[in-house]
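*Asks:* So the chains spell out like this:
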Amino acid sequence: MASMIQILLNNLFLVGVMVLSTLGITLTFKTANVANFAQGILATVGAFVAAFFFMRMGVDPWISLVGGVVVCFIIGYTIDVLIMSFMSSSGAVGRVMVTLGLILIISAFIPIIFGMIPYNFPRFFAGNFTWEMMGSTFIITRNGLFTFVTSMSITAIIFIALYKTKWGLMVRATASNATVAAMLGINTKRMTALSWGISSACASLAAVFLGAQTTNVHADMMAVIATISLLALVMGGFTSFFGPVIGAIIIPTATAMLAMISGLWANVLLYTFVLLTILIKPMGIFGKKTMEKV
Amino acid sequence: MTNNLKQISKHPLFGYVILALGLIGLQLLFMFTDGIVTLTVSRAIAMSMIYTIAAMGLGILMGLAGLASLGTAAFVGLGAYIAANILISFHVPFFVVILAVTIVAIVIGSIIGFISLRVRGLHLLVITLAFATILNELFITPNNFTGGPSGITNVPFPELGMFLQLDRETVYFLILGVMFLLIMLTLNIINSPTGRAMLAMSSSESLAKAMGINVLKYRVLAFVISTIYAMIAGVLFVSSLTAASPASWNFMLSLNLLAAVILGGSAKPSGVIMGCFAIFTLDLVVLRNFAFFVQNPSASMVFSGALIIIIYAKFPGGLTKLVQEARHLIIKIVKGAKHGTSLE
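Sequence order for the protein chains is A and B. With this note's numbering as the guide, the letters of the first sequence map in order to residues 5 to 298. With this note's numbering as the guide, the letters of the second sequence map in order to residues 266 to 609.
Source of the hints: derived by calculation from the structure; they are not laboratory data. No experiment lies behind these values; they were computed from the predicted model shown. Where is the CB? At the ideal position from N, CA and C, for every residue including glycine. Take these hints with a grain of salt, some might be off.
[Stated by the list, open to error] These stretches of chain B come out as covered by chain A in the derived footprint (C-beta under 8 Å, 3 or more residues):
| # | segment |
| --- | --- |
| 1 | 528 to 542 |
| 2 | 567 to 579 |
[Stated by the list, open to error] Examples of chain B residues toward chain A, derived with CB under 7 Å:
| # | residue |
| --- | --- |
| 3 | Val372 |
| 4 | Ser375 |
| 5 | Ile376 |
| 6 | Ile380 |
| 7 | Arg383 |
| 8 | Val384 |
| 9 | Gly386 |
| 10 | Leu387 |
| 11 | His388 |
| 12 | Leu394 |
| 13 | Glu402 |
| 14 | Ala508 |
| 15 | Leu520 |
[Said to hold, decoys possible] Which chain B residues stay away from chain A? Per the calculated CB distances, all over 12 Å, these:
| # | residue |
| --- | --- |
| 16 | Ser307 |
| 17 | Met327 |
| 18 | Leu425 |
| 19 | Leu431 |
| 20 | Gly460 |
| 21 | Gly477 |
| 22 | Phe516 |
| 23 | Met517 |
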């Protein structure tokens with residue numbers, strides 16, 4: 005039991021990273037109606053920019069973090085304005101294909117701009133928290149706890165904004181029906197561009213956190229995380245904002261638990277489990293069944 | 266005599282035979298002269314043919330059945346590892362390797378096909394991506410089957426039958442032969458009731474069901490076919506490079522294959538061949554002559570990525586449509602000249 009809790013504590017930062025990344029993917033999916041496969045590689049760009057500021061220009065890690073996130077916001081916004089807004093007629097799968105094309109383009113540019121050698125990025129907080137409870141000692145890195153708390157707070161802020169502010173209402177209106185929202189005077193183009201920006205920012209924050217915790221920034225760092233975020237989106241269901249985030253909490257936790265049984269096969273078992281879930285409930289655990297119009 | 270020639274040139278396989286003869290000629294030039302055709306070109310064409318095989322399977326899946334997959338590269342890898350293990354452990358002729366791989370492909374293709382029955386579009390992309398991720402993790406995890414991150418090296422060249430041992434040069438002809446057989450198979454699938462059923466299924470599933478088409482059967486079949494093609498491509502990959510390493514079948518290869526199919530713009534082998542040769546041969550033969558692309562081997566992916574976006578945004582139909590339009594234009598000009606009307 006104690007070792008189980010310890011494993012959960014070790015994985016807390018991963019839950020934070022995953023939740024942020026999934027939140028980003030969900031936001032673009034709901035508002036802009038794009039399953040953004042390119043988000044992982046976009047986030048990696050953010051992490052590289054932050055690490056570049058820190059390593060090459062000697063900027064403070066905190067400011068580097070902000071720099072990476074801002075650059076990513078701008079890239080995301082620009083992609084929507086320059087590319088995605090011309091794709092409105094090409095259907096959901098067509099837009100997904102465009103994000104797949106973006107993966108190729110961005111991952112070609114990363115080694116050209118940043119070089120082939122991985123970058124380092126420091127942890128924001130050094131040291132561990134240690135405490136005793138029920139006769140056993142628990143350890144969590146300060147940085148891991150910070151990552152978890154910050155990610156959860158940002159997620160909470162975005163949720164509150166989505167459900168309590170005027171901006172959130174406009175996003176939800178765009179998500180539920182873009183045409184009607186536009187008729188009611190909402191600038192849907194700005195909404196989708198903003199959600200591209202915000203989701204890229206969230207994802208790059210996740211990537212910088214991941215880079216800081218592992219003190220290493222490299223080109224494939226977000227590949228698995230982005231895949232799992234997409235799986236979480238499918239598993240949690242497309243219809244709600246909450247479902248995918250809960251999926252993003254379940255998946256890394258379950259992986260950690262499974263790793264106790266078999267380190268080697270943990271991921272395989274997990275993917276199999278998720279695939280089975282999708283088979284049994286194709287609309288996701290929290291999804292509602294929608295009728296397809298012919 | 267001219268009539269006969271005309272009839273031959275109308276044969277559906279005519280263009281492919283010419284292409285095959287041309288490719289044989291290239292390799293013969295490489296083997297028996299020095300310098301006219303370099304090793305790079307010969308290798309690049311062999312690789313393009315291997316990727317064409319994998320892409321033809323993807324083309325059937327996407328163009329004919331209207332399904333999609335992001336797992337092609339992982340299946341190429343799986344085929345490669347199985348072939349490598351068989352070739353190292355047993356002295357069996359090539360067709361036994363193909364047979365073994367085909368059986369595995371049928372099993373795996375059926376599994377994905379059954380999963381795909383309940384999901385479509387985006388879900389399918391995510392699920393195939395997850396499936397590919399599982400396979401890639403298995404490739405990288407150190408074990409006896411895949412050799413872990415460093416992969417398997419020193420795989421012997423396959424032998425055809427009992428006598429004919431292939432070597433570095435002649436394996437090219439094996440690849441060409443397999444590609445040609447699969448081109449014929451693909452053409453037959455497209456023109457058969459199976460192909461038409463898949464086409465019906467892709468345009469409207471409800472209508473296909475109403476016409477009595479068993480959607481489950483054809484979905485599974487489409488996945489089985491595309492998995493078989495991908496894994497045969499893997500077998501040829503190992504046969505020609507004599508090594509298998511997990512870095513060769515990452516997600517980027519899947520995306521490049523997807524780009525090739527989209528660029529080709531058609532499920533027909535002609536479209537897929539054009540797409541694959543445009544993306545892979547151009548990269549390996551032309552771009553690698555520039556210092557910039559030698560230093561940044563990944564840079565050429567920009568073209569594949571940009572092509573996907575441009576084709577989806579501005580030019581649906583890809584190279585197939587381009588060639589058709591060009592042909593119409595030429596016929597128009599020729600006919601105009603015959604009738605004596607000038608083009609203003």
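*Asks:* For each hint, tell me whether it holds in the structure or not.
*Replies:* Here is what the structure says about each hint:
{"no.": "1", "hint": "528 to 542", "verdict": "violated (count 0)"}
{"no.": "2", "hint": "567 to 579", "verdict": "holds (count 9)"}
{"no.": "3", "hint": "Val372", "verdict": "violated, 15 Å"}
{"no.": "4", "hint": "Ser375", "verdict": "violated, 14 Å"}
{"no.": "5", "hint": "Ile376", "verdict": "violated, 9 Å"}
{"no.": "6", "hint": "Ile380", "verdict": "holds, 6 Å"}
{"no.": "7", "hint": "Arg383", "verdict": "holds, 5 Å"}
{"no.": "8", "hint": "Val384", "verdict": "holds, 5 Å"}
{"no.": "9", "hint": "Gly386", "verdict": "holds, 6 Å"}
{"no.": "10", "hint": "Leu387", "verdict": "holds, 5 Å"}
{"no.": "11", "hint": "His388", "verdict": "holds, 6 Å"}
{"no.": "12", "hint": "Leu394", "verdict": "holds, 6 Å"}
{"no.": "13", "hint": "Glu402", "verdict": "holds, 5 Å"}
{"no.": "14", "hint": "Ala508", "verdict": "violated, 22 Å"}
{"no.": "15", "hint": "Leu520", "verdict": "holds, 5 Å"}
{"no.": "16", "hint": "Ser307", "verdict": "holds, 26 Å"}
{"no.": "17", "hint": "Met327", "verdict": "violated, 10 Å"}
{"no.": "18", "hint": "Leu425", "verdict": "holds, 36 Å"}
{"no.": "19", "hint": "Leu431", "verdict": "holds, 34 Å"}
{"no.": "20", "hint": "Gly460", "verdict": "holds, 21 Å"}
{"no.": "21", "hint": "Gly477", "verdict": "holds, 19 Å"}
{"no.": "22", "hint": "Phe516", "verdict": "violated, 7 Å"}
{"no.": "23", "hint": "Met517", "verdict": "violated, 7 Å"}
Taken one by one, the earlier hints fail for this structure at numbers 1, 3, 4, 5, 14, 17, 22, 23, listed in ascending order.
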